[in-house]
Amino acid sequence: MELFGLFISLALVNNVVLNRFLAVCPLLGVSKNSKNALNMGYAVTFVIFIASIITYLLYHQVLKPLKITYMDLITFILVIASLVQFVEMFLKKTSPEIYKAMGVYLPLITTNCAVLGVALDNISSKYNFVEAMVAGLAVPIGFTLVIYIFATIRERLEIADVPAAFKGAPIALITAGIMAFAMAGIAGIV
Amino acid sequence: MIQAVLSLAIIGGILGAILGISDMYLKVENDPRVDQVMGMLPNANCGGCGFPGCAGFASALVEGEVSKVGTCVVCSADKKTEIAEYLNSTPGPDGTTVKVTA
Chain A
23 MELFGLFISL ALVNNVVLNR FLAVCPLLGV SKNSKNALNM GYAVTFVIFI ASIITYLLYH
83 QVLKPLKITY MDLITFILVI ASLVQFVEMF LKKTSPEIYK AMGVYLPLIT TNCAVLGVAL
143 DNISSKYNFV EAMVAGLAVP IGFTLVIYIF ATIRERLEIA DVPAAFKGAP IALITAGIMA
203 FAMAGIAGIV
Chain B
671 MIQAVLSLAI IGGILGAILG ISDMYLKVEN DPRVDQVMGM LPNANCGGCG FPGCAGFASA
731 LVEGEVSKVG TCVVCSADKK TEIAEYLNST PGPDGTTVKV TA
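The listed protein sequences derive, respectively, from chains A and B. Residue numbers for the first sequence follow the working numbering, beginning at 23 and rising by one. Residue numbers for the second sequence follow the working numbering, beginning at 671 and rising by one.
Hint data in this document are derived by calculation from the structure and do not stem from the laboratory. Treat the hints loosely; a few may be bogus.
DMTMM-like cross-link-like pairs, simulated, lysine to aspartate or glutamate; straight-line CA separation at most 25 Å [as the list claims (entries may be wrong)]:
no.	chain 1	residue 1	chain 2	residue 2
1	A	Lys57	A	Glu119
2	A	Lys114	B	Asp693
3	A	Lys122	A	Glu180
4	B	Lys750	B	Asp701
5	A	Lys54	B	Asp701
6	B	Lys769	B	Glu752
7	A	Lys115	B	Glu733
8	A	Lys114	B	Glu733
9	A	Lys115	B	Glu735
10	A	Lys115	B	Asp705
11	B	Lys749	B	Asp693
12	A	Lys122	B	Glu699
13	B	Lys738	B	Glu755
14	A	Lys54	B	Glu733
15	A	Lys122	B	Glu735
16	B	Lys738	A	Glu119
17	B	Lys769	A	Glu119
18	A	Lys57	B	Asp705
19	B	Lys769	B	Asp748
20	A	Lys114	B	Asp705
21	B	Lys697	A	Glu110
22	A	Lys114	B	Glu699
23	B	Lys697	A	Glu119
24	A	Lys122	B	Asp705
25	B	Lys697	B	Glu733
26	A	Lys122	B	Asp701
27	A	Lys115	B	Glu699
28	B	Lys738	B	Asp748
29	A	Lys115	B	Asp701
30	A	Lys114	B	Asp701
31	A	Lys122	B	Asp693
Note that the coordinates shown come from a computational prediction; the quantities given were computed from them, not determined experimentally.
Throw the hints in and build the complete structure from the sequences for me.
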C-alpha cells in the first residue's frame, strides 16, 4: 500500500514537470505532435527505469563499499549517457521514422534533469531497491502523461482561434502554466 | 583516491564495451550521399527548413522529399549549386540520381 502511495506521489502529486519543473525542455520541444510526445515518453520511461536500477545498484554495491560516494554524480552521468546512446542506436535500427521524428531531442534525454534527478533522489531519500524501482517507473509515467496531454492541447491550439500575438510558443507556455496550476491543486495529498 | 580513478575507469570501460558490442549488432546502412550533403550544408541546425536539424534536411534531399536546396535559408548560393550538382550527378545505391534544383 505504501508503494502505491509512493507511485501516486511521484507520478501525480509531485509531478516532475509541473511541480518540480524538471524536464521542461522535451516538454516544449517534442509536444508539437501527440505521437512524437508519446514516443518521447516511452523513451524517457525506458531510460529512467533502467538508469534508476543501474545507478542504485552502482551506488550501493560499488561506491558505498569503496567509500567513494562523492563520485556518484560522475558515474551516474556516465551510466545515463551510455543508456541514451544505446537507446539511440536501437531506435535508429528498429524504427528510423521515430528516430528522425525525435531528432536532436533523443540525445538530449542525457541532459534531461529528470533522469539524473530520479537517480540522485533515490539515494538521498534512502529508498530501498523496490522503492527505487517504483520511483523509476512513477516519475516517467507522470512525465509521459503530462507531455501527452500537453501535446494534444497544442494540436488543438494549432487550429483554434488564438490572437495573432499569442500563436505558437506564447500560448503553449501559458497552457503549461495553467496545467501547473491544476497540478498544484492536489499538492500535499501524499 | 586511487579507488575513485580505477572504479571510474572500469565502469567507463564496461559501458564502452557494451556500447561497442551493441553497435556491431545494431548497424544501419547509411547512404553515403547523406553524409556528403551534410558536409556541404552550413550545419547550423537551426530548423529553418522545417526538418529536424541539418541531418534531417540532408536525408530529405537525398530521399527526394524536398527538391529545392534553397529551402535551407542559411545556405550560401554557391553551396546550393554545389549540392545540386553533386546530387544530380551522383547515383545512389540503387543506381538512380536525385533531381534537385538550387
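Hint-by-hint comparison with the structure:
no. : hint                    : verdict
1   : Lys57(A) <-> Glu119(A)  : holds (11 Å)
2   : Lys114(A) <-> Asp693(B) : holds (11 Å)
3   : Lys122(A) <-> Glu180(A) : holds (22 Å)
4   : Lys750(B) <-> Asp701(B) : holds (20 Å)
5   : Lys54(A) <-> Asp701(B)  : violated (29 Å)
6   : Lys769(B) <-> Glu752(B) : holds (13 Å)
7   : Lys115(A) <-> Glu733(B) : holds (18 Å)
8   : Lys114(A) <-> Glu733(B) : holds (17 Å)
9   : Lys115(A) <-> Glu735(B) : holds (21 Å)
10  : Lys115(A) <-> Asp705(B) : holds (17 Å)
11  : Lys749(B) <-> Asp693(B) : violated (34 Å)
12  : Lys122(A) <-> Glu699(B) : holds (15 Å)
13  : Lys738(B) <-> Glu755(B) : holds (12 Å)
14  : Lys54(A) <-> Glu733(B)  : holds (24 Å)
15  : Lys122(A) <-> Glu735(B) : holds (14 Å)
16  : Lys738(B) <-> Glu119(A) : holds (22 Å)
17  : Lys769(B) <-> Glu119(A) : holds (23 Å)
18  : Lys57(A) <-> Asp705(B)  : violated (28 Å)
19  : Lys769(B) <-> Asp748(B) : holds (17 Å)
20  : Lys114(A) <-> Asp705(B) : holds (16 Å)
21  : Lys697(B) <-> Glu110(A) : holds (12 Å)
22  : Lys114(A) <-> Glu699(B) : holds (10 Å)
23  : Lys697(B) <-> Glu119(A) : holds (16 Å)
24  : Lys122(A) <-> Asp705(B) : holds (15 Å)
25  : Lys697(B) <-> Glu733(B) : holds (20 Å)
26  : Lys122(A) <-> Asp701(B) : holds (15 Å)
27  : Lys115(A) <-> Glu699(B) : holds (9 Å)
28  : Lys738(B) <-> Asp748(B) : holds (14 Å)
29  : Lys115(A) <-> Asp701(B) : holds (14 Å)
30  : Lys114(A) <-> Asp701(B) : holds (14 Å)
31  : Lys122(A) <-> Asp693(B) : holds (19 Å)
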